[in-house]
Every structure is written in C-alpha cells, then in structure tokens.
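Residue numbers (our numbering), protein chains in the order written: chain A, 802 to 913; chain B, 269 to 381.
Careful: at least some of the hints might be erroneous.
Label pairs and their calculated CB-CB ranges [claimed, not checked]:
id, chain 1, residue 1, chain 2, residue 2, range
1, B, A347, A, S852, 38 to 44 Å
2, A, R862, B, N374, 40 to 46 Å
3, B, R286, A, K910, 18 to 24 Å
4, A, K910, B, A337, 22 to 28 Å
5, A, Q815, B, A347, 46 to 52 Å
6, B, A283, A, S852, 40 to 46 Å
7, B, T322, A, Q815, 46 to 52 Å
8, A, Y840, B, P329, 26 to 32 Å
9, B, D294, A, E859, 27 to 33 Å
10, B, G284, A, M830, 28 to 34 Å
Cut-off 27 Å, straight-line C-alpha distance, at most; resulting in silico cross-link-like pairs (BS3-like, lysine-lysine) [what the hints assert, rightly or not]:
id, chain 1, residue 1, chain 2, residue 2
11, A, K838, A, K872
12, B, K325, A, K838
13, A, K910, B, K325
14, A, K838, A, K910
Derived list of chain A stretches under chain B, where covered just means 3 residues or more per stretch with a C-beta under 8 Å from a C-beta of chain B [what the hints assert, rightly or not]:
id, segment
15, 844-850
16, 878-885
For the record, the hints were derived by calculation from the structure and aren't laboratory data. The structure presented is a predicted model; accordingly, all values stated were derived computationally and were not measured. Glycine included, C-beta positions come from ideal geometry on N, C-alpha and C.
So you can see what is in the structure, the chains are spelled out below.
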Amino acid sequence: DQQVKQNSPSLSVQEGRISILNCDYTNSMFDYFLWYKKYPAEGPTFLISISSIKDKNEDGRFTVFLNKSAKHLSLHIVPSQPGDSAVYFCAAPSSGTYKYIFGTGTRLKVLA
Amino acid sequence: IAGITQAPTSQILAAGRRMTLRCTQDMRHNAMYWYRQDLGLGLRLIHYSNTAGTTGKGEVPDGYSVSRANTDDFPLTLASAVPSQTSVYFCASSEGGGDSPLHFGNGTRLTVT
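Turn these sequences into a full structure, and let the hints guide you.
Structural data, given as structure tokens:
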C-alpha cells in the first residue's frame, strides 16, 4: 500500500513559468511533510517542509501548500529555472516512528 | 564538510557473494537509515536505527541486515546477494524525532550479476 503517492512521473515546464508538483497521502496521522530534490548521481537534498498545523510554507521561489481535508500537498516553484530540473520526492514520517515514507518521485524538466 | 560518507561508490557483485555497504556520518545524528532507489518505485526504506544500539525493519528488509555499534557508523550487509538487489543504495541520518529532515549520502550503485 503506497501511503505517499506522486501520480505524475514527469513534468516539463518553460523557464520562468510556474512548476507545480503534486503529492497525495492516505494516512491522516501524517503531521509533517518534506520535499526533496535529487540530481543524477547525487543523494536527495532537503528542500522544504511543512507541518500539519500550517497550510502554506514559503522559502524563496519554493512554496509548499497542504490541504489536509484532501490529503494533498503541492510544491510550487516560481519562477522555474533550468537548474531546477531534477527528480522531486515528497515524504512523510510514519506517525510515532522514525520511518520516513517517500513517494515515487516526479522528474521535472525546465526548458530554457 | 560535515555530512554522510558512503563507500563504495559503485560495485559489481556476483550473485551469492556477501557485501557490506559502509556509511559514516559526522553530524552526531541519532537516527540513521538505509534506502534503496529503483526506477518507478522511489525510495524504499530497508532498515533504520533510532539511536546507537537499536535497529528496526523498514518496508523492504528481507536479504539485508544492519548494525549500529556507535553513533557514526551504520553498515548494511547483504549476506548472499541476488540480482533483485541491484539498485542504488542511499544512507541517511537525522537528528531524530518526527520533524527533522533526513540528510543523505551520495549513494552506492550496486549491480548483482
């Protein structure tokens, strides 16, 4: 059972436009969510997080939105840059444990 | 630079052989993790450790074992490798608790033939 789902394997966006990456989850006990970015041949790097007590968290060009009723979160990148081209993973720690559950990832390609 | 060091970077291994992937962190983080990344399956947790001396099973623990003798080291052992264990393996660490991000190493690419 995939508790964290990223249904779009890939996304292409023109440079300067907005990139929206989506993530759905099934476990209503999740109370903290993270986004990671991964370049080829490197480990994932932490990008931004959000606690369930918030519905939005912003850090520069990156904003994460959380809709608890829909069990959905999204990552907005504005404006998108070619250097943003990478695989993006959403993740959540399984409640009461140290187990972080990851989605399958979305490959973002920003076209110059 | 503080972080996580994984070794080797890549390895080709014959099926049936034993292999230990090494992971060392210098951030004094309590928790450590091993994930494997496979195309279309994302990152799946193999084993984790909340603190030195304790370990736990993740989503896909079969065929793997870990130990956590001290805070810094968290080796992953494949006792008898099989081709389905061909993957990229990532070690990670965190301060612990449910709201601290994971920090990842650069991975070990393992091919089992």
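Cross-check of the supplied hints:
1. A347/B to S852/A: 38 to 44 Å: Holds: the Cβ-Cβ distance is about 40 Å, inside 38 to 44 Å.
2. R862/A to N374/B: 40 to 46 Å: For N374/B against R862/A, whose Cβ atoms are near 25 Å apart, the range 40 to 46 Å is violated.
3. R286/B to K910/A: 18 to 24 Å: 40 Å, violated
4. K910/A to A337/B: 22 to 28 Å: Violated, since K910/A and A337/B (Cβ atoms, about 43 Å apart) do not stay within the stated range.
5. Q815/A to A347/B: 46 to 52 Å: Cβ of Q815/A to Cβ of A347/B: about 50 Å, so the range 46 to 52 Å holds.
6. A283/B to S852/A: 40 to 46 Å: The hinted range 40 to 46 Å holds for A283/B and S852/A, with Cβ atoms some 45 Å apart.
7. T322/B to Q815/A: 46 to 52 Å: For T322/B and Q815/A the Cβ distance comes to about 49 Å; the hint holds.
8. Y840/A to P329/B: 26 to 32 Å: Holds - the Cβ-Cβ distance for Y840/A and P329/B, about 28 Å, lies within 26 to 32 Å.
9. D294/B to E859/A: 27 to 33 Å: Distance hint for D294/B, E859/A holds at roughly 31 Å.
10. G284/B to M830/A: 28 to 34 Å: 41 Å, violated
11. K838/A to K872/A: Since the Cα atoms of K838/A and K872/A sit roughly 21 Å apart, the hinted pair holds (cutoff 27 Å).
12. K325/B to K838/A: Distance ~25 Å between K325/B and K838/A Cα, so the pair holds.
13. K910/A to K325/B: Violated, because 35 Å separates the two Cα atoms, which is more than 27 Å.
14. K838/A to K910/A: This hinted pair holds, its Cα atoms lying about 12 Å apart.
15. 844-850: holds (count 5)
16. 878-885: It is violated: at least three residues are needed, and the segment 878-885 of chain A offers just 0 whose Cβ sits closer than 8 Å to chain B.
Checked against the numbered hints given earlier, the structure breaks hints 2, 3, 4, 10, 13, 16 and satisfies all the rest.
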